[in-house]
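Listed below are the residues making up each chain.
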Amino acid sequence: MSAPARGAAVPVAPPAPGLTPLLVLRRLAVPAATASRRVLADRGGLVTSVVFFLLVSVVLSALWRAAAGPSGTVVGYTAAELTWYAFAAEAAVCTIDLRLIERIGEDISSGSVAVEMLRPLPVVAVRLAVESGRALGRLVALVVVGSGAAWLLAGPPPDALHGLLALVSLALGVVVNVAAQHVVASAAFRLRDVRATWFLYQKTVFILGGMLLPLEVLPGALRTLALWCPFMAMAYAPARLATGQGTALLLLVQAGWLVVLVAAAAFVFARGQRRLEVVGG
Amino acid sequence: MSQTLAVVRAAFTDATARPAAFWTQVGAMVANDLAMIAFWILFFHQVRSVRGWDADRVFLLFAILATAAGIVLGFLSNARRIPELVETGSLDEALSLPMSPLRYLLVRRVDTVNVGDVVFGVVLFLVTGHPTPQRAALFVGGVVVAATLLTAFLVTLGSVVFFTGRGEPGALGMHAILLLAGYPVDIFTGAAKGLLYTVVPAAFVAAVPARIVDAPSWRDVALMLLATAVFVVLARTAFGLGLRRYTSGSAWGRG
Amino acid sequence: MVLPAERPRPADDVDPATLAIRATGLVKRFGSGPHAVDAVRDLSVSVRQGERVAYIGPNGAGKSTSIKILTGILRPTQGTATVLGFVPWQDRRRLAARTGTLFGQRSQLWFELTPRQSFRMLAAIYGLDRAREQRRVAELGELLDAADLFDAPVRTLSLGQRMRCELAACLLHEPEILFLDEPTIGLDLLAKRRLRELLVELNEAAGTTVFLTSHDVADIEHVAERVVVIDHGRVVYDDDVPTLRRSLLATKLVDVGLGGPAPAIVLDGVREVARDDALLRLSVDTTRTSIRSVLDVVLDRCDVVDISVVDPPLEQVIAEIFAAEQA
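Heads up: the protein sequence lines correspond to chains C, V and S, in order.
Quick note: the first sequence, position 203, residue 203 per the numbering used here, numbers continuous.
Quick note: the second sequence, position 18, residue 18 per the numbering used here, numbers continuous.
Quick note: the third sequence, position 39, residue 39 per the numbering used here, numbers continuous.
Incorrect hints may have been included.
Said to hold, decoys possible - In silico negatives: residues of chain V with every beta carbon more than 10 Å from chain S:
1. D14
2. D33
3. Q46
4. R48
5. R51
6. L95
7. G173
8. T189
9. G190
10. L234
11. R236
Said to hold, decoys possible - Quick list of simulated restraints, FRET-style, between CB atoms:
12. C:R37 / V:R219: 33 to 43 Å
13. V:A171 / S:S32: 52 to 62 Å
14. S:E272 / V:A171: 22 to 32 Å
15. V:A171 / S:S247: 34 to 44 Å
16. V:R244 / C:P70: 14 to 24 Å
17. V:V199 / S:D91: 46 to 56 Å
18. V:V144 / C:S71: 52 to 62 Å
19. S:S32 / V:V127: 50 to 60 Å
20. V:V144 / C:G220: 39 to 49 Å
21. C:L161 / V:V119: 29 to 39 Å
22. S:R106 / C:V168: 32 to 42 Å
23. S:D151 / C:L222: 39 to 49 Å
24. C:R37 / S:E320: 50 to 60 Å
25. S:G85 / V:V119: 42 to 52 Å
Hints were generated in silico from the structure; no laboratory data involved.
Glycine is no exception: its CB is placed at the ideal position from the N, C-alpha and C atoms.
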């Protein structure tokens, strides 16, 4: 099965009466998997993403290693732990298409969402599945290359079990991020230009999400704020687990944010959909 | 020289007349610069200094980078568009004029948004850079040389498109050098550090000029001028040889 | 078909010193290996100073490529050429100072600027002083009847208006040769006619050599004194327009929209090219029967809904040139 751009034409079974959530999830797995395969098949695009991810991770981890020194620590992390932190945090964020939010916004304002409304599954569900599929496909490549690079620079992952948890957490973080971007992009239902919103969002993930720095670096009140924001689920949670610290509680927090953000995305899309129907798409 | 000035003047008139999502983009630029400043403030809140680089010197580095990159991406904005210009055959315009095509192209387009970076960089220097006449003079000199080097690097990489037909090296190279230039070069060691002084001369775009402003040394100045001269020669050679292979956007088949 | 080298051409017997363009054996190959394509192969052509030459050929024949070689934009794979005594790809800048180029699909004028602002920049590039610039802009404004267009941003001009300003831009420095690549493309009839008249006026007043490519038979008929046809990168025909006019350009097409069945039109030099229920197309050799008498007969005998007289497409003219050469 090969689908054209952004999974718009992924064939989905006709509507069945009484779709259970489990059934919906199983149906969504198909377009998501297709999107993953397509991202991995696009060699040129994949190489560019990997190179860029490596570049950013190498620079940031070098900064943190230099800051910690060979035997010291920064906010409780050793140089090796900080290296794994940087690679995990960057992988979580770099895997997501830089123009995702703009694309969602364009789709919404151009009315192609209206076309997708004709599908038997909820628009927002198909979108989230496809976009997560793409990001997760790329994530596989980044994790493989990134783990190798981090290992070379700082030795093996600090803790094997935490490492496995970090993998799950990375996947969760990516889906949370995709869902959150759909919520933010829904601003396009009202605004014509989502770019400004996007820059604000991106920089917030940089700092409050823990992409550029472990949240422990932040001073008291700011740290508390960051820990109570959904952004921490996007980069900080998997990165902290990758350092061998933190607990499975982080996964629970991520799952919680996932539920909240998917619900929020569904809500704003449903509202936007009604508007489109009224205005006529 | 009067040729260049005439094109510069036209480019400015053109830029002010060109409609763009100006404020959105300026907002993005400021958000980006402020996020980096916030990052460094938070960083140095925990770490006093990294291998001789403290907050003040990193701000100086960032001020030089923002100013130099702003000049290149703002006033010489075609420096990073060589692949695009070659692929679409837009060099024809430059080649039908009796002046140096590279000089014409470089000054032909102004991106006002990036000019905002210049303002940001200069203000950052004035606020955090402890400006004295000597430091200010070194800042200006460093920025000018750094901008020249950055332009030459972008033109060199962009000219790869003449030989391979691919523009990606140009795009990737630009992102790489701007990213790498934004951090103190001394966080790297060994071969990686060596690369930043040679193949991807990011060290000379901000770190070395920052060091020169703080602690002037003839060795640094000489190194920087040498690196710039080498890349200027490379850029002119690559572009010149590339022009001989220029296909004017019509690989074939077009009348 | 007679190869170009064997056929005497109008410019061959002229003193080389009076030649504006002289090209011999030009080859331009794009790409390499099995994917290589020769856009121009063994092209030889000479143009006298002050001549008006139409350089025509089917799409992909190598017209733009040869103009780009002659202006120094492209470097040929093989062959020699001099334009005003310069080798274009070696002396591009000095040559550019003395030639004007107008590409119908590209603009010399900057979109957001007014033509006058672009002229100011171009004048500085061509080294004209302020007084000469102003005199020239005034002259051209009058000549091209475009002075009132010079102060509006180019993006607000219509295509026809823009082309007049483009022409002014490439005439600013009083070039000795004017290269025009499809200058009338996309223009309406009136604008096309205006541009053609201008080119002739300019040539007659200033002696400017005009070298133009076109797809439009009327451009050739009304501008050129000589036609060079190229195909697959070679010159396949080179002769005066009067000769061409006597033979091929004498053909016109008459399209008749029909309201009912029409009888066959039998007249000397008239051929039925196409016919269906609603349309009858006649090809008329005007040296044998005038359009007027054809129209008289058609209006008399058919139920005419609509009628138009057009030039045959260039492709057809070229095909007939080939046929004639082979006969």
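Hint check results:
1. D14: 5 Å, violated
2. D33: 28 Å, holds
3. Q46: Label holds. Min Cβ-Cβ 49 Å, cutoff 10 Å.
4. R48: Nearest chain S Cβ is 51 Å from R48 (chain V), so the label holds.
5. R51: Holds, since 48 Å exceeds 10 Å.
6. L95: For L95 (chain V), whose nearest Cβ neighbour in chain S is about 4 Å away, the distance does not exceed 10 Å, so it is violated.
7. G173: At about 25 Å from chain S, G173 (chain V) clears the 10 Å cut-off, so the statement holds.
8. T189: 43 Å, holds
9. G190: The claim holds: G190 (chain V) sits with its nearest Cβ about 40 Å from chain S, beyond 10 Å.
10. L234: Non-interface label on L234 (chain V) holds, nearest chain S Cβ at 21 Å vs cutoff 10 Å.
11. R236: Given a closest Cβ separation of 15 Å, the condition holds.
12. C:R37 / V:R219: 33 to 43 Å: This hint is violated: roughly 54 Å between Cβ atoms.
13. V:A171 / S:S32: 52 to 62 Å: 25 Å, violated
14. S:E272 / V:A171: 22 to 32 Å: Once the Cβ atoms are compared, 60 Å apart, the range 22 to 32 Å for A171 (chain V) and E272 (chain S) is violated.
15. V:A171 / S:S247: 34 to 44 Å: Given a distance of about 56 Å, which is not inside 34 to 44 Å, the answer is violated.
16. V:R244 / C:P70: 14 to 24 Å: 52 Å, violated
17. V:V199 / S:D91: 46 to 56 Å: About 36 Å separates the Cβ atoms of V199 (chain V) and D91 (chain S), which means 46 to 56 Å is violated.
18. V:V144 / C:S71: 52 to 62 Å: With Cβ atoms ~42 Å apart, the hint is violated.
19. S:S32 / V:V127: 50 to 60 Å: Holds, since S32 (chain S) and V127 (chain V) (Cβ atoms, about 56 Å apart) stay within the stated range.
20. V:V144 / C:G220: 39 to 49 Å: 43 Å, holds
21. C:L161 / V:V119: 29 to 39 Å: 51 Å, violated
22. S:R106 / C:V168: 32 to 42 Å: This hint is violated: roughly 56 Å between Cβ atoms.
23. S:D151 / C:L222: 39 to 49 Å: For D151 (chain S) and L222 (chain C) the Cβ distance comes to about 56 Å; the hint is violated.
24. C:R37 / S:E320: 50 to 60 Å: 56 Å, holds
25. S:G85 / V:V119: 42 to 52 Å: 51 Å, holds
In this structure, the earlier hints numbered 1, 6, 12, 13, 14, 15, 16, 17, 18, 21, 22 and 23 are contradicted, and the remaining ones agree with it.
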